[in-house]
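Peer 1: Letter by letter, the chains look like this.
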Amino acid sequence: MRVTNRSTRAVSNALGRDPRPTISDLLLPISVVLWIVGVHRIRPSPVPLAILPAGSVVVFLAGLGVLIVSTGLLLTRRKFSSHRMALHLGTLIVMLYGTAPIVYPEPRFAWLYKHIAITNYIAVHHVLSRSMDIYRIWPGFFALTAWIDKVAGVSTPLVYASWAELFFELIYVLELAWIFRALELDERERWLALFLFAGANWIAQDYFSPQGLGLVLSLGVFGMALHWLKSEPRPWVFKFERWVAGLLGRRRSRRSDKWMLPKTTTQQHPRDTTNHGRTAVAHPVERSRWFAIVALLLTYGVLTSVHELSPYAVAAQFGALAVVGLVRPWWLVVAMLAIAAGFLAPNFGYVNHTYGLTASIGDFFGNVQGPSSTFTHLGSEARLSAQATRVLSVGMWGLAVVGIVRRLRHGRSAIGLAVLTFAPLVLLVLLNYDNEGVLRVYLFSLPWTACLAASALSPTAGALWRPKAILSTAALAVVVALFLVGFYGDDGFNVMTPADVQASTFVYTHARPGPLMLLTQNFPDSDVPRGIYSDKFVSVNPLIGSGPPGVKRLSPAAIPFLTNEIVSYGGGVTAPGYFLVSPSMLAYAEEFGLATAAQCHTFLAAMNRAPGWSILYSHGGATVYELAVGP
Amino acid sequence: MNKVPDKVKTTFFFGPKAAVQHSSDREAHVIDAACAVVTGALLSLTALGWIGLARVLFTFAFAVYVPGWSVIANCMPKLRASRTALPVLVSVAILTAAATVSLWLHAWHPLQLFDVEGGASIVLIGVAAIRREKRPYDEPHLRNVVPGDDG
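For the record, the sequence lines run as chains A and B.
Take 258 as the starting number for the first sequence in our numbering and just add one per residue.
Take 21 as the starting number for the second sequence in our numbering and just add one per residue.
Treat the hints with caution; some may be incorrect.
[Said to hold, decoys possible] Simulated restraints, written as ranges between beta carbons of each label pair:
{"hint": "1", "chain 1": "A", "residue 1": "548", "chain 2": "B", "residue 2": "139", "range": "19 to 27 Å"}
{"hint": "2", "chain 1": "A", "residue 1": "595", "chain 2": "B", "residue 2": "139", "range": "40 to 48 Å"}
{"hint": "3", "chain 1": "A", "residue 1": "493", "chain 2": "B", "residue 2": "139", "range": "51 to 59 Å"}
{"hint": "4", "chain 1": "A", "residue 1": "548", "chain 2": "B", "residue 2": "77", "range": "26 to 34 Å"}
{"hint": "5", "chain 1": "B", "residue 1": "60", "chain 2": "A", "residue 2": "384", "range": "25 to 33 Å"}
{"hint": "6", "chain 1": "B", "residue 1": "150", "chain 2": "A", "residue 2": "648", "range": "50 to 58 Å"}
{"hint": "7", "chain 1": "A", "residue 1": "600", "chain 2": "B", "residue 2": "139", "range": "26 to 34 Å"}
{"hint": "8", "chain 1": "A", "residue 1": "286", "chain 2": "B", "residue 2": "60", "range": "33 to 41 Å"}
{"hint": "9", "chain 1": "A", "residue 1": "548", "chain 2": "B", "residue 2": "64", "range": "27 to 35 Å"}
{"hint": "10", "chain 1": "B", "residue 1": "64", "chain 2": "A", "residue 2": "763", "range": "37 to 45 Å"}
[Said to hold, decoys possible] Here are a few chain A residues that face chain B, going by a calculated C-beta distance under 10 Å:
{"hint": "11", "residue": "402"}
{"hint": "12", "residue": "411"}
{"hint": "13", "residue": "552"}
{"hint": "14", "residue": "556"}
{"hint": "15", "residue": "560"}
{"hint": "16", "residue": "562"}
No wet-lab data here; the hints were simulated from the structure.
For glycine and all other residues, C-beta sits at the position ideal for the given N, C-alpha and C.
Let the hints inform the model, and build the full structure from the sequences given.
Peer 2: And the structure:
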């Protein structure tokens with residue numbers, strides 16, 4: 258009997274103090290098996306929406322569906338099991354973010370290879386170079402990855418870069434699980450918020466990039482602030498919330514007015530505070546206050562060396578919290594801005610000259626345009642992907658507004674989460690960020706948006722088929738469905754094929770120095786083996802899609818223009834010149850209406866017999882043309 | 021009646037002196053041991069120049085946890101609620117800062133830097149373990165006791 262009791266207790270601890278089997282214990286392994294079978298069936302292909310068409314991925318989607326239903330069952334279960342929820346959340350993240358590295362042989366995104374090349378440059382040359390452009394100013398991520406490469410004994414981050422999305426997402430959720438415990442959310446809301454964050458983070462900033470690491474540090478700053486530096490709202494904020502709640506028809510509620518769990522002061526012993534069924538022991542504040550301030554500023558300083566935009570987004574949100582009095586001391590905002598500005602100041606001239614920082618100040622409606630606004634034509638997949646992400650973003654923000662209303666009507670504070678959610682919009686007044694400003698706003702808003710959305714959906718215990726219970730499951734299903742379209746919808750051109758990578762490696766390894774032109778910009782055009790922007794090649798603007806002096810219509814008539822451009826850089830005169838075409842370039846050209854498949858075919862057929870040009874390399878649809886030095 | 025509270029047991033971890041250990045201390049000792057194993061293994065592999073998947077995995081395990089744990093275990097030994105997320109954050113921040121500064125200072129020696137970081141981590145973890153042993157058993161442990169929340 259003793260053994261039985263002990264083993265029961267062990268199982269109980271493992272499953273969140275409830276050893277009774279649930280249907281989710283069966284559904285979870287089923288969903289994993291379906292996902293594994295589904296992933297095995299998906300074949301990597303540069304065909305647009307390769308991962309989504311019905312038929313090839315029905316099993317994959319079924320696995321996700323079973324997991325979401327299982328999650329819904331757990332969310333509405335009377336005896337809540339946090340350990341089971343954690344297992345489901347981890348599985349969801351692996352399914353959403355671990356599929357691409359399994360399916361695709363090479364990392365997605367052309368610009369990722371630039372990051373790999375910079376890392377390799379540091380590993381080879383041990384210094385930063387002016388040729389690194391803006392990355393030279395914010396080298397934190399590259400220094401870390403170069404250090405990892407050396408300690409891990411790998412020659413290039415290509416070995417592990419594909420897994421960065423999964424790696425970063427797991428860390429984000431780990432941090433958010435810690436952060437959300439400081440907020441006034443009940444347990445079901447907290448877990449639903451984590452699921453919504455994982456399911457709605459379509460931005461894809463989590464690839465092998467400085468912004469991926471930047472979000473880890475940014476969330477850390479918020480975690481420290483919300484756990485250790487929280488404070489009561491200013492009196493006017495309290496009155497304002499009461500007034501708005503009155504307008505919204507506040508209901509009597511037993512819930513607290515606090516937006517975060519209560520704090521303790523200087524007591525030596527923790528103070529237990531009962532919060533309607535949940536007992537929370539808050540964290541020490543005064544004793545570790547200075548430690549917290551120093552730790553926060555040090556983390557912020559590291560963040561400043563990693564990414565150019567993240568420190569300002571964090572400062573904007575932190576400043577908004579300080580204004581309403583929810584985080585103190587207020588001067589921390591000044592200190593943060595001083596660190597960020599002090600870091601930027603010596604390089605402001607270069608950054609402003611290169612990227613026109615001041616040009617976009619005040620142009621809110623111009624800055625709010627997303628990346629797709631730069632294209633006059635969007636293919637069906639790109640259009641679908643853009644629409645899905647728009648619906649997902651607006652939907653999440655809409656749910657956040659409903660969450661604010663719902664919280665206020667139930668006598669719960671909403672001001673803290675509201676300012677965190679909407680403060681990043683300030684960035685759109687200040688900068689365009691190469692038409693990605695609105696994406697960053699969504700990203701920095703998302704953790705708090707997810708909390709408010711969870712409050713809006715307010716999962717409760719009860720049968721899954723009850724309208725209130727089914728709402729959160731249905732919402733999660735819709736979020737994940739939109740995520741799949743948004744996150745993978747552009748893979749027709751975002752996926753770099755082995756042919757792309759091999760052609761790039763061939764050029765930078767074997768070709769003699771000379772000017773180099775691409776058909777379109779969608780190519781891993783970085784000297785991955787030896788580091789970025791070595792002076793071996795002069796990079797000429799792509800032939801189509803990157804503005805003047807490119808051609809507007811791809812046809813054999815563009816070949817003389819191409820030759821003249823290469824010659825103007827000395828190609829074919831003092832050094833050989835090169836022109837590259839690859840599968841991802843062709844997919845990009847078709848998707849954005851730069852050229853049809855027929856135009857590409859005709860043009861390439863003409864290139865094969867163009868005078869002066871010869872084929873230096875051809876494999877898997879990637880071709881390197883060489884303009885040899887003439888007589 | 022001087023009853024030993026739940027989750028408390030007697031142990032002889034550092035020498036013959038009896039010490040009373042909280043359950044969270046037991047967890048901390050397990051983490052200490054795991055960190056020491058990871059760091060020791062990685063130091064050995066780098067010293068031997070062995071290359072392979074194990075070294076990559078040990079590197080990531082070290083990079084995302086060990087330095088942070090060595091700091092948190094000393095600075096906030098009783099805070100159980102942040103035992104997972106906070107060391108990850110601190111580790112990443114420390115290693116990024118160290119690598120960046122060494123790059124800025126034109127002193128790029130990643131393996132030597134790792135030797136210092138690994139050695140310092142082991143020393144700090146040892147110090148934290150000793151301090152934990154010397155702490156009176158009845159000193160309160162600050163932990164989040166929201167069901168299911170143990171960091």
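Peer 1: Run every hint past the structure and note whether it holds.
Peer 2: To see whether the hints hold, each was checked on the structure:
no.	hint	result
1	A:548 to B:139: 19 to 27 Å	holds (24 Å)
2	A:595 to B:139: 40 to 48 Å	violated (34 Å)
3	A:493 to B:139: 51 to 59 Å	holds (53 Å)
4	A:548 to B:77: 26 to 34 Å	holds (32 Å)
5	B:60 to A:384: 25 to 33 Å	holds (32 Å)
6	B:150 to A:648: 50 to 58 Å	holds (57 Å)
7	A:600 to B:139: 26 to 34 Å	holds (30 Å)
8	A:286 to B:60: 33 to 41 Å	holds (36 Å)
9	A:548 to B:64: 27 to 35 Å	holds (34 Å)
10	B:64 to A:763: 37 to 45 Å	holds (38 Å)
11	402	holds (9 Å)
12	411	holds (6 Å)
13	552	holds (8 Å)
14	556	holds (5 Å)
15	560	holds (8 Å)
16	562	holds (5 Å)
The structure does not agree with numbered hint 2 stated previously, though it agrees with all others.
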